[in-house]
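Using the sequences and the hints, build the whole thing.
As you go down the protein sequences, you meet chains A and B in turn. Quick note: the first sequence uses the numbering used here, first residue 1, plus one each step. Quick note: the second sequence uses the numbering used here, first residue 1, plus one each step.
Please note that the accuracy of each hint is not assured.
As the list claims (entries may be wrong) - Under the rule of at most 20 Å between Cα atoms (straight-line distance), these lysine to any residue pairs were calculated in the SDA-like manner:
| # | chain 1 | residue 1 | chain 2 | residue 2 |
| --- | --- | --- | --- | --- |
| 1 | B | 327 | A | 136 |
| 2 | B | 327 | B | 345 |
| 3 | A | 92 | A | 82 |
| 4 | B | 327 | A | 82 |
| 5 | B | 64 | B | 102 |
| 6 | B | 327 | A | 15 |
| 7 | A | 92 | A | 114 |
| 8 | B | 327 | A | 92 |
| 9 | B | 244 | B | 275 |
| 10 | B | 280 | B | 299 |
| 11 | B | 64 | B | 180 |
| 12 | B | 327 | A | 132 |
| 13 | B | 327 | A | 29 |
| 14 | B | 64 | B | 134 |
| 15 | B | 327 | A | 107 |
| 16 | A | 92 | A | 47 |
| 17 | A | 92 | A | 42 |
| 18 | B | 327 | A | 19 |
| 19 | B | 327 | A | 25 |
| 20 | B | 64 | B | 275 |
| 21 | B | 327 | A | 23 |
| 22 | A | 92 | A | 131 |
| 23 | B | 327 | A | 131 |
| 24 | B | 327 | A | 20 |
Claimed, not checked - Quick list of the computed label-pair ranges, beta carbon to beta carbon:
| # | chain 1 | residue 1 | chain 2 | residue 2 | range |
| --- | --- | --- | --- | --- | --- |
| 25 | B | 394 | A | 133 | 47 to 55 Å |
| 26 | B | 417 | A | 30 | 47 to 55 Å |
| 27 | B | 338 | A | 30 | 12 to 20 Å |
As the list claims (entries may be wrong) - To give an idea of the chain A side of the interface with chain B (calculated C-beta under 8 Å), a few residues:
| # | residue |
| --- | --- |
| 28 | 24 |
| 29 | 39 |
| 30 | 107 |
| 31 | 128 |
| 32 | 129 |
In case anyone wonders, no lab produced these hints; they're calculated from the structure. Here the structure is a predicted model, which is why all the values come from computation and not from measurement. Yeah, the Cβ is synthetic: ideal placement off N, Cα and C, and Gly gets one too.
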Amino acid sequence: MTDGERVSIVLIEDDDGHATLVERNLRRSGISNGFVRFSDGQQALDYFFGPSTEETGVAPGVPSREDLANFVVLLDLRMPRVDGFEVLRRLKADPVTASVPVIVLTTTDDPREIERCYELGCNVYITKPVEYDAFIEAVRRLGFFLQVVKLPPGHRLARP
Amino acid sequence: MRAKHIQRKHPKNVPTRARYAMKLFAKGLLLIAIPSAIELALLGVVFDTQEAAARAARSAQNSKQILWQASSVVDPLLREAARVRTGIALEDPSFIDRHAVWTEFADRIALLSRMVADNPAQLARVDHMRAAAYAWRAQAGDVADALRAGRSIAWTRVAGDAIPPEIETVRSDLAEFIDEETRLDALRTASLSMTRAHQQYALIFAVVGSMLIWGVTAVVFARNVGVRLAALRDNAQRLADGVKLAPALSGDDEIAALDAVLHQTSARLDRAVREQAALKLQLEARAADLGGANENLRQETQDTEMFIYSVSHDLRSPLVNLQGFSKELQISCDDLQVQIDSAGLPADEHRGMAELLDGEMKESLQFLRQAVARAAAIIDALLRISRAGRVEFRWQRVNMGRVVERVLAAARALPDHARIDVGNLPPAWGDPSALEQIFGSLIDNAVRHLDPARPGRIEIGALDGEGTDASGAQGVDAHARTYYVRDNGVGIPAAYLPKLFHAFQRLHGGDSGAQGVGLALARRIAERHGGRMWVESAQGAGSTFFVTLPGQPLRLLSALSTA
Numbered sequence: 001m002t003d004g005e006r007v008s009i010v011l012i013e014d015d016d017g018h019a020t021l022v023e024r025n026l027r028r029s030g031i032s033n034g035f036v037r038f039s040d041g042q043q044a045l046d047y048f049f050g051p052s053t054e055e056t057g058v059a060p061g062v063p064s065r066e067d068l069a070n071f072v073v074l075l076d077l078r079m080p081r082v083d084g085f086e087v088l089r090r091l092k093a094d095p096v097t098a099s100v101p102v103i104v105l106t107t108t109d110d111p112r113e114i115e116r117c118y119e120l121g122c123n124v125y126i127t128k129p130v131e132y133d134a135f136i137e138a139v140r141r142l143g144f145f146l147q148v149v150k151l152p153p154g155h156r157l158a159r160p
Numbered sequence: 001m002r003a004k005h006i007q008r009k010h011p012k013n014v015p016t017r018a019r020y021a022m023k024l025f026a027k028g029l030l031l032i033a034i035p036s037a038i039e040l041a042l043l044g045v046v047f048d049t050q051e052a053a054a055r056a057a058r059s060a061q062n063s064k065q066i067l068w069q070a071s072s073v074v075d076p077l078l079r080e081a082a083r084v085r086t087g088i089a090l091e092d093p094s095f096i097d098r099h100a101v102w103t104e105f106a107d108r109i110a111l112l113s114r115m116v117a118d119n120p121a122q123l124a125r126v127d128h129m130r131a132a133a134y135a136w137r138a139q140a141g142d143v144a145d146a147l148r149a150g151r152s153i154a155w156t157r158v159a160g161d162a163i164p165p166e167i168e169t170v171r172s173d174l175a176e177f178i179d180e181e182t183r184l185d186a187l188r189t190a191s192l193s194m195t196r197a198h199q200q201y202a203l204i205f206a207v208v209g210s211m212l213i214w215g216v217t218a219v220v221f222a223r224n225v226g227v228r229l230a231a232l233r234d235n236a237q238r239l240a241d242g243v244k245l246a247p248a249l250s251g252d253d254e255i256a257a258l259d260a261v262l263h264q265t266s267a268r269l270d271r272a273v274r275e276q277a278a279l280k281l282q283l284e285a286r287a288a289d290l291g292g293a294n295e296n297l298r299q300e301t302q303d304t305e306m307f308i309y310s311v312s313h314d315l316r317s318p319l320v321n322l323q324g325f326s327k328e329l330q331i332s333c334d335d336l337q338v339q340i341d342s343a344g345l346p347a348d349e350h351r352g353m354a355e356l357l358d359g360e361m362k363e364s365l366q367f368l369r370q371a372v373a374r375a376a377a378i379i380d381a382l383l384r385i386s387r388a389g390r391v392e393f394r395w396q397r398v399n400m401g402r403v404v405e406r407v408l409a410a411a412r413a414l415p416d417h418a419r420i421d422v423g424n425l426p427p428a429w430g431d432p433s434a435l436e437q438i439f440g441s442l443i444d445n446a447v448r449h450l451d452p453a454r455p456g457r458i459e460i461g462a463l464d465g466e467g468t469d470a471s472g473a474q475g476v477d478a479h480a481r482t483y484y485v486r487d488n489g490v491g492i493p494a495a496y497l498p499k500l501f502h503a504f505q506r507l508h509g510g511d512s513g514a515q516g517v518g519l520a521l522a523r524r525i526a527e528r529h530g531g532r533m534w535v536e537s538a539q540g541a542g543s544t545f546f547v548t549l550p551g552q553p554l555r556l557l558s559a560l561s562t563a
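This is how it looks when you write it as structure tokens:
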């Protein structure tokens, strides 16, 4: 895979089993070269909005958040402390992180929740259990698409 | 007045109706009779006085006549006396014999005698006068005889110069008579004028009395009957208007009776109104109870559905892991197999490992994955059926032909020689995807239950006009359409028919496609549309599923859809 097709995955998921499954499948597909997993929303928010990585000393292998251009965020909704809605909202509200594609990955398929996520600005909503082939394709394409497409400056999805 | 006096004499609660009738009639009679009687009395008095006056007048006139007659009665006597003297003087008896004179005198005195027949004193005088006159007549006769005989009448000469004493008697009697009669006459005239005065007074009294009587009658009538009638009418009007009545009228005639009836009616009306209000309260209470019970039921159903929903939803998360990791196990096993195969192990160990992998592990994994798939399907079905009551329908006119087309396009492959015929399907009113679900379930069911022994035929159509279901329940509404899906498959045994539409009661085991909720869901959807679903089936011959759907929107349906 070329660099252009690789993305860094940020997975925010509280269930270890689910997280492991996603990780294994994504690894197998070779789509990502960096994989970050947060167990709850608070950790994710700290990562995105907290002090810079140089100060907190993020573990090696974890892409620094300055390199946001190749991120894809996989977000679960049901999490303790800070849930997925809040994370989604914060991500899309902040112009720096608003351009990061967010794929909501969750068990619930309630139309109201789906609508709410799209209103908050998620890019894709996928219900578990996931068909990983199609899923991986979607991830790849989304990341690639956002890499390649030139968006006018100031657009909320444009790179800063 | 007298009428009222009579009233108070009688007790209030006199029983018979005849008595009441007499009362008002009696009052009326009295009101007419008494004044009439008094009028009659007055009239009588007037006539009386008139009569008296007339009598007095007659009497007075009578006296005058007597006086006149009396004055004339003595004249013939005097003339006869003169003739007798002349006869004596001339000694001619022809002067004396005058029968006409005495006839005339007799008549006059008889008349006078008749005139004073009622007065004995006067009558006595008249008789005395007559007697004296006749005595003198006898004397004159004697003289005539003597003259005729030629005797000497010297003694008569002397007697003949003056008026004979009998005539003098007559004259004096007559004078007395006339005096007396004059006195009577004066009396009678006085009496006459007095009577006339009486008559006048009587007339005036009668007129004034009449006016008084009628005035009093009018007042009595007004007070006793008029006012009470007005009160009665007023009460009747109040009754009609539903206003409280005035206090009951006194007395016990028909007016009072009518008034009592009015009061009774008013009391009954009040009672009826109160009863109605009580009944209405009861009805409202019952309606409220019913509403409450309904609400409870609805709430419970909703709670149950929510419970099922949340449980099955929560089960999804472990299910993801189950499915995912069973697949992972499979993958790892395959990898292991590959590694073992390429490891170049000694044949025995290789065989042992391969056996282990291919045999028990593979079998275990297979069962595991099947079970996981089954659990996933059940949880999915639970979710679907618990969500069926909550999904909002988008009501519109639905082209059923297209719905069935879509279903058939997505349906499972038909076995060989099987055919599906679609008849003319009139449009229905409902939610297209929900209706698709119904037909999807039905068609899927039909296909699944085809008899492999004969070529399958599935018919989808609609009934004409009014359909009635097998149980003969109420006829279908004219606006509703009844569709059917008929197959000639294996049919359903009669024993299972009641449970057919219950969730999870699967008749034929094996294939876990619908998980036994398809028919239950389909029926729930049909009911939420305001329709019905039922089945007719003969074991070994086939089944026909009927579903009724509304053709036009009914206001009732929107209430049902939120149930």
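- Message: Check whether the Cα positions of residue 92/A and residue 82/A lie no farther apart than 20 Å.
- Response: OK: residue 92/A and residue 82/A at ~16 Å, within 20 Å.
- With 8 Å as the cut and Cβ atoms as the points, is residue 129/A at the interface with chain B? Holds, about 5 Å.
- Message: With the threshold set at 20 Å, check whether the alpha-carbon distance from residue 327/B to residue 20/A stays at or below it.
- Response: 13 Å, holds
- Between residue 327/B and residue 132/A, does the CA-CA distance stay at or below 20 Å? Roughly 12 Å separates the two Cα atoms, so the pair holds.
- Message: Given the hint of 12 to 20 Å, is the C-beta distance from residue 338/B to residue 30/A inside that range or not?
- Response: This hint holds: roughly 18 Å between Cβ atoms.
- Message: Against the 20 Å threshold, does the CA-CA distance of residue 327/B and residue 345/B hold or violate the hint?
- Response: 27 Å, violated
- Message: Would the hint linking residue 92/A and residue 114/A be met if the CA-CA limit is 20 Å?
- Response: 16 Å, holds
- Decide if the proposed pair is consistent with the structure: residue 92/A and residue 42/A, CA atoms, cutoff 20 Å inclusive. With Cα atoms ~16 Å apart, residue 92/A and residue 42/A stay inside 20 Å; holds.
- Item | Agreement of residue 244/B and residue 275/B with the hint, judged by alpha carbon distance not exceeding 20 Å | 18 Å, holds
- Item | Agreement of residue 92/A and residue 47/A with the hint, judged by alpha carbon distance not exceeding 20 Å | 15 Å, holds
- At a threshold of 8 Å, is the proposed contact between residue 128/A and chain B supported by beta-carbon distances? Holds, because the Cβ-Cβ distance from residue 128/A to chain B comes to roughly 5 Å (cut-off 8 Å).
- Item | Restraint status (C-alpha distance of residue 64/B to residue 102/B at most 20 Å) | Outside the cut-off at roughly 24 Å; violated.
Hint compliance for this structure: hints 2, 4, 5, 8, 10, 14, 20, 22, 25 and 29 are broken, all remaining hints hold.
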